[in-house]
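Please build the complete structure, drawing on both the sequences and the hints.
Chains as they are written, first to last, in this note's numbering: chain C, 243 to 375; chain S, 4 to 277.
There is no bait here: all hints are sound.
With a cut-off of at most 20 Å between alpha-carbon atoms, the simulated SDA-like pairs for lysine to any residue come out as follows:
# : chain 1 : residue 1 : chain 2 : residue 2
1 : S       : Lys43     : C       : His300
2 : S       : Lys234    : S       : Ala218
3 : S       : Lys43     : C       : Thr307
4 : S       : Lys177    : S       : Gln167
Hints were generated in silico from the structure; no laboratory data involved.
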Amino acid sequence: MFVELSPELAGERGITHGNWLVVWNRRGALEARAMVTKRIRPLHVNGRVLHQVGIPFHWGYAGETVGSIANDLTAILADPNVSMHEAKAFTCNVRSGRLEVRDRTRPEPVYAWPTREAAPQTPKSDQPEGQAI
Amino acid sequence: MSTDTVSISDLLDAWARPEPPQPQEETGFFTDTTVCIGCKACEVACKQWNQLPADHFQWTGNSYDNTVTLSDTTWRHVAFVEQFDGHAGRWLMMSDVCKHCRLAPCYEVCPTGAIIYNEFGNVYVQQDICNGCGYCVAACPFGVLDRNHDDGRAHKCTLCYDRQKEGMEPACAKSCPTDSIRFGPITQLREEAKQRVEQLHARGETDAYLYGADAAGEYSALNSIFLLKDKPSVYNLPDAPRRPAAHLKTNYLLSFGAALGLAAVSALLFAREG
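This is the structure in structure tokens:
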């Protein structure tokens, strides 16, 4: 999991590219690696500087790669017309570092999922998708 | 009871060569980077069709590029180039692939004849013949070929030879949602590519140009051409690709000259001593 943020915000909060940062709001907190990029630009609204961060939602506690869950920060609400999560923009705060206490409501062990048994004595290139162990 | 007699003709069959397939129209790729959205569907489709392992799960921090490079198990690689230093920024994306050069250095250096041009004019590595010497890896100026750590052989894009034989387009071109990757007869693709450049020029995008459409310097034209918007080196492509065989004569003469020179010097020194 990574979070994109502007060099301006990173400088303000002492966050460096590739290091850990914590994004939190009243609903939850998550930790991720910082991707400092000029693609993300601060907005100027009514004379105030508003910073944006970009959080991809493609990670969870299971899968080929694991990471924090973006939806820990979002409100649970769905668009009734399309049954799709609609609250993809929200306020949050960032700081450098990692979460001190892991979220105990989530299962602790990281499961290898989906389980793919490596076929014995078969070169990796001939294996089906997934990691040969 | 069957009699297992072996006739001379049975033995000679081992040397029999089947008729090579009839040459077809040359095919290739045209990758229009101006419409690439960086979705990496081509990478995934390639891995799925060719049964390549999902690997390299490292976050690089280099934009959205976690694939890093073409390799033995990655035959499509989407490069991401962030150019946001000026006021108006742009995010360049390019799906890199084997260039299927018309005169490929890997083909020239392969000592076993494993690398061939198949009936579609594509550079193809025959896995049952490759002995894993790795000459092609060093010869390719684009860094396309790579040896597999498990089977030791060189692997690269086959231009979905198996699909083409069935009249289907390669998996990457099929999956590309914006048609950034186009597949077809290469003469037709070259025309399309030139028209696309003209179209972009007419719209004021004057930095668009074709990479590999024509032979340049010592290098042949490519059967996998790219429409780029910046210098090739920005996309991690060589500005002037080198073909090692083009330097053979010079290098041989140079080493011959050096040998002669050294022989002359040592003869001179021995003569002095005596």
